[in-house]
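Student: Letter by letter, the chains look like this.
4 protein chains.
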Amino acid sequence: MSSTFGRALKISIFGESHGAATGGVADSFPAGEIVDMELLNKMMARRRPGQKHTTPRQESDAVEILSGVYQNKTTGTPLAVTIANTNCHSADYDNLKFVPRPGHADYAAQLRYNGFADRRGGGHFSGRLTAPIVALGAIAQQILARRNVFVGAHLASVWNIADANFDAVKLDRETLLAAGKKDFPVLDDNAKLLMQRAIEAAAIEGDSLGGVVECGVIGFPAGVGSPIFDRIECRLGEALFAIPAVRGVEFGNGFACTQLKGSTNNDAFIAGDPTLRTATNRHGGILGGISSGMPMIFRAAFKPTPSIAKAQKSVDLGTMRETTLAVEGRHDPCVAIRAVPVVEAMASLVLLDFLLGEKPEFLR
Amino acid sequence: MSSTFGRALKISIFGESHGAATGGVADSFPAGEIVDMELLNKMMARRRPGQKHTTPRQESDAVEILSGVYQNKTTGTPLAVTIANTNCHSADYDNLKFVPRPGHADYAAQLRYNGFADRRGGGHFSGRLTAPIVALGAIAQQILARRNVFVGAHLASVWNIADANFDAVKLDRETLLAAGKKDFPVLDDNAKLLMQRAIEAAAIEGDSLGGVVECGVIGFPAGVGSPIFDRIECRLGEALFAIPAVRGVEFGNGFACTQLKGSTNNDAFIAGDPTLRTATNRHGGILGGISSGMPMIFRAAFKPTPSIAKAQKSVDLGTMRETTLAVEGRHDPCVAIRAVPVVEAMASLVLLDFLLGEKPEFLR
Amino acid sequence: MSSTFGRALKISIFGESHGAATGGVADSFPAGEIVDMELLNKMMARRRPGQKHTTPRQESDAVEILSGVYQNKTTGTPLAVTIANTNCHSADYDNLKFVPRPGHADYAAQLRYNGFADRRGGGHFSGRLTAPIVALGAIAQQILARRNVFVGAHLASVWNIADANFDAVKLDRETLLAAGKKDFPVLDDNAKLLMQRAIEAAAIEGDSLGGVVECGVIGFPAGVGSPIFDRIECRLGEALFAIPAVRGVEFGNGFACTQLKGSTNNDAFIAGDPTLRTATNRHGGILGGISSGMPMIFRAAFKPTPSIAKAQKSVDLGTMRETTLAVEGRHDPCVAIRAVPVVEAMASLVLLDFLLGEKPEFLR
Amino acid sequence: MSSTFGRALKISIFGESHGAATGGVADSFPAGEIVDMELLNKMMARRRPGQKHTTPRQESDAVEILSGVYQNKTTGTPLAVTIANTNCHSADYDNLKFVPRPGHADYAAQLRYNGFADRRGGGHFSGRLTAPIVALGAIAQQILARRNVFVGAHLASVWNIADANFDAVKLDRETLLAAGKKDFPVLDDNAKLLMQRAIEAAAIEGDSLGGVVECGVIGFPAGVGSPIFDRIECRLGEALFAIPAVRGVEFGNGFACTQLKGSTNNDAFIAGDPTLRTATNRHGGILGGISSGMPMIFRAAFKPTPSIAKAQKSVDLGTMRETTLAVEGRHDPCVAIRAVPVVEAMASLVLLDFLLGEKPEFLR
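Chains as they are written, first to last, in the numbering used here: chain A, 796 to 1159; chain B, 796 to 1159; chain C, 796 to 1159; chain D, 796 to 1159.
Hints listed in this document are in silico derivations from the structure and should not be mistaken for laboratory results.
Small disclaimer: the values here were computed from a predicted structure and weren't measured.
Hints may contain errors.
Copies of one chain are not kept apart here, so a pair can be met inside one copy or by any two copies together.
[Claimed, not checked] The list that follows gives simulated cross-link-like pairs (lysine-lysine, DSS-like), each with its CA atoms no further than 25 Å apart:
1. Lys805 - Lys837
2. Lys805 - Lys1154
3. Lys1154 - Lys868
4. Lys805 - Lys868
5. Lys1056 - Lys1108
6. Lys976 - Lys1105
7. Lys1108 - Lys965
8. Lys1056 - Lys1105
9. Lys965 - Lys805
10. Lys976 - Lys837
11. Lys868 - Lys977
12. Lys805 - Lys987
Whole structure, please, built from the sequences with the hints as guidance.
Tutor: Encoded structure:
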């Protein structure tokens, strides 16, 4: 059990933060799809550490494709990628052998694997494991974009500072993909300044901030999704909760729907061609687990990075005595920033999986 | 693809609202577990329609066990249950053949199944499909309780009226299971009065209300769960989003964590025996996808019932002209009430699956 | 883990020989397919006990469809069937509580389920569990036949008496389906007489005979199947070994291919329209795990029924002393006869699953 | 769908014969297991090309472990291996772009992947894909051996020349592992000489020979396996049919059981401590899909290598005219020789998966 998911498109992820490499296998993309490495590398760059406001760990995150691509096109058989780890400072983690970081997987993983897990840099629980997800997701995103299905996300909030929201009814390609083209993934540049200032202040204090990532999808065909356990929400939810630090997921107006009455929350149908549309889009493009043809909207909440320089109380597992821990290492003051392409990647993989399983003719 | 989930414990659900029966198969519970039918029926009664503040459709929801139980104990082979549908008023749904209900799966399902789905009463998308989930979940819940793992939920809010919250650190068995023993599933009886008044008012207006269900788990062993795609959040998230009307899921302090700094959000470890504890429990008992040994806390947001008597705009699919729809039928003014045992059932099935797959010795 | 299989079409089987019912869930057949109950019942009749040369246990094997069919057509959501057990003589099995039958699952199941399995009539290990497989397989077979894919089997041998073989190159629909229309499933009526005589003789001696079932498929499109673990052989093999009493499975010329040189075993390609054909068909319609477009041919070996009236040596598990056992009950002198439609059903389910997963446009 | 299998232990295989590398991911081995690279490399050497009587392609088959091992022990998280391809002569395959080899996957794969598959050297269908299976299987085999479960195989026959058989009752560790320690994997050295002579003669003729591999398992605990679709035969069958060139699989006395009467085929139980034994072992250690505690015995039939130097008839797919093909390249005259460790690897992976899923306490 564990690092494998998907139905028609199975994804298997492997690696540790300070091991030889991280990587993943996609079994399998449809055959004959061009893999645009330049686009893929741009997507990787958005997630890459060493940018401003992120961890100073420098990694080139060069993606090597080991299989499944021939003459620049997918073969239809398993596509494997690896991303070498090149800049590991294992010494930074030495005290973690005994004192688990509050808010982090350290202690739970210690119990789970009877002490045999590679804990250096968080091991298999590190955010670096999202690198192969982005690499494979970028290929899925390209395959979808070729069919005019676009997946884009932005940082909807950092701490108490909000970006503009996507317009769930009129969402167009330009707006959807705008944040992904900027050096800081927001729609509103005023929000950017406030967020950056807050992040810098937190970093100086040796602290960290959380945030919400909002993702939109346009062009996805209506009538895809299955009842009960394979609702789109089930599988997007499963995939989004697989991203480290995600604590909540919501679709459409999400938790806010509980504050509305049915007569206000329901979206009226209006005639459309060839499929109906809705006048409003509180349902976020998914009804009964099935795509309605309206833009999909969903959000994931990322907690503030647990690894912080500020002193925190923990327990030395050697002596079982309480102690104080200040995490040195190199950590993101706000993981939500680099999580934006990860959310896009996960969503692209899940939606491509649904199309392969339920509507493969859409991919022809 | 669709109505099947789980790893070591596979659940398959079938049925339509106005068909012969709904049912489910669990493959398989551990062998030798007593099935307490009285407790199971009490759990069913909490979900049953025809109670006050719920749909007037009367169903006895009698559970028949077809296999997997011998001399009152589980055999370890597939356990199948059916629940006959006895009180179907199919005539109520006749106009739905042409005019999809806003906010409901009708239209999306029509596209998904090329018009062949049994739409009577919502068909396979009906809330009645949660009946076999509760029946199987009740058995899982009994198996867990026998090991002092308790799963309980309550209605944390209806519309803008909040119940008391679980205390995530001190949560005890009595509080956890209190709401499930009442006729209206809240902790605070003042909240009950306000909620019931609001629901009655909405019902009179032909409208409906949403709500949030909060679920807690105590006694679950630390160190269970797997990284990336089999985190506990992934699989509980997948299962909770499988309940009709759920639009959001959060763990621990959930979306609220994005408003805190890391230094405040992290829960300090304190020495404990045999496993560490945390002084606070914003992480909701799950760290890095793995149980920490602290009480688990999570919430699901239920939208207001989409089927309402108030007139709404929709489209006649025969003529493709816009029209107005008032849903007659018999509907819950607030589905969140009856969803409380469904959340417990789903959580029990997922957590038992984790134990079977990762820590079966706990079940011996 | 256990009684669930399939990818795009998931099958879950439940029941015990002397419980309330056996049944199964198919999740899900394509929507809009007519379910011809007359044909389905004919298929059931071929498997039904109480015929000549089979166990005298009388069961009507009436199939009840609980879900997934509306107005005589599949809805596309899970289709559940049950078959009530009506003629159980549990007393026949009383001594089995202590003395396991040689060659039977009794003892292994006792260990597997810590003594909690329902052993009456073999419980979940009984051949009766093939009844729901035949019911669901009959629906799959009808869906395939509507696309001119035909699946048919016959009794290739009983003990040392051989039937004629299918002609792997020229196999036509009439020959393929001939045995299924007879009261004894062979191609050659002389073989029938010899086989029946041998079976009657064995029955009189209180003994039993094994046999080989050969299955053919015509009309299946070329280019379906996947490399490595989802080869057609993998999944047909998995499914055929799931039938009680199967001890060997082979494709094309099977084990005999090891006696040939490559130059003789290879089948030369010849031009064909639209796909190539082969001059001979030793490969049995599958190359590299993928359908070649030639008729598929495979065989399953069924051991002689282990439950026999003749005295056999076993051990009383109460006293752990060796003893002698003569199985009373009502048993088939040759299970291979009734296994013929079960092989067809399994093959139909697997092949439909492949089409749903890899070539759904073929089903439109 | 395709190159992924397993339940509690999921295996995903990737790579092409002439691509950068082949590899695999095991998700996941139990934590804390020593990985003995010397033993692993010995197992790889048994499968490696370039030995006498096998293809002259020289490959070092050096296994690189990318993840899942820390300080020489498994971490319990996904273990990924890669094996670089270093000696590819792609020119050898140029004419295959148009003329499919008889008996090979070329043509079927061309249809399956719409012409986008990497056909160089057989691509993903090449026998080289068994290299990562052997690497991962070797680790499984070591984990089993540490619990006194031993898996060993030998070449039971080549063409019409038979080796000695395993004694299914008295099989001991020394005999079981004997063939694996020799330069030619047989029990009887006279058979070796005859087989080698026949293989050399076939090679000189530009032809090839098939063979049967027999595998045995001792020390596997009784009472493991599940009814219906997760019988041990189902999953071993699935895995063995995943090895290129396998055309038949049988357990115990297999197809030969159909020539016996029940009274002769059944194995009498005899008292044993702590579990019963059987006086004979025609059932091959598996009863009703569950391990009986007796040695397991099964066999796989490998067809003669389809790629031969002798001229064969095929069709030029460019012109659609019939033509003659002599496969140049470098091919094994008898793939069954190198398949012996592959059978052991597959069996080890499947049996470890069963223990992880059903009897993990055995692995503690």
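Student: If a hint holds in the structure, say so; if it doesn't, say that too.
Tutor: Structure-based check of all given hints:
{"no.": "1", "hint": "Lys805 - Lys837", "verdict": "within (24 Å within a copy, 32 Å between copies)"}
{"no.": "2", "hint": "Lys805 - Lys1154", "verdict": "both (17 Å within a copy, 18 Å between copies)"}
{"no.": "3", "hint": "Lys1154 - Lys868", "verdict": "both (22 Å within a copy, 21 Å between copies)"}
{"no.": "4", "hint": "Lys805 - Lys868", "verdict": "within (19 Å within a copy, 27 Å between copies)"}
{"no.": "5", "hint": "Lys1056 - Lys1108", "verdict": "between (45 Å within a copy, 16 Å between copies)"}
{"no.": "6", "hint": "Lys976 - Lys1105", "verdict": "neither (33 Å within a copy, 45 Å between copies)"}
{"no.": "7", "hint": "Lys1108 - Lys965", "verdict": "between (48 Å within a copy, 20 Å between copies)"}
{"no.": "8", "hint": "Lys1056 - Lys1105", "verdict": "between (45 Å within a copy, 11 Å between copies)"}
{"no.": "9", "hint": "Lys965 - Lys805", "verdict": "neither (33 Å within a copy, 39 Å between copies)"}
{"no.": "10", "hint": "Lys976 - Lys837", "verdict": "within (9 Å within a copy, 51 Å between copies)"}
{"no.": "11", "hint": "Lys868 - Lys977", "verdict": "neither (29 Å within a copy, 44 Å between copies)"}
{"no.": "12", "hint": "Lys805 - Lys987", "verdict": "neither (36 Å within a copy, 43 Å between copies)"}
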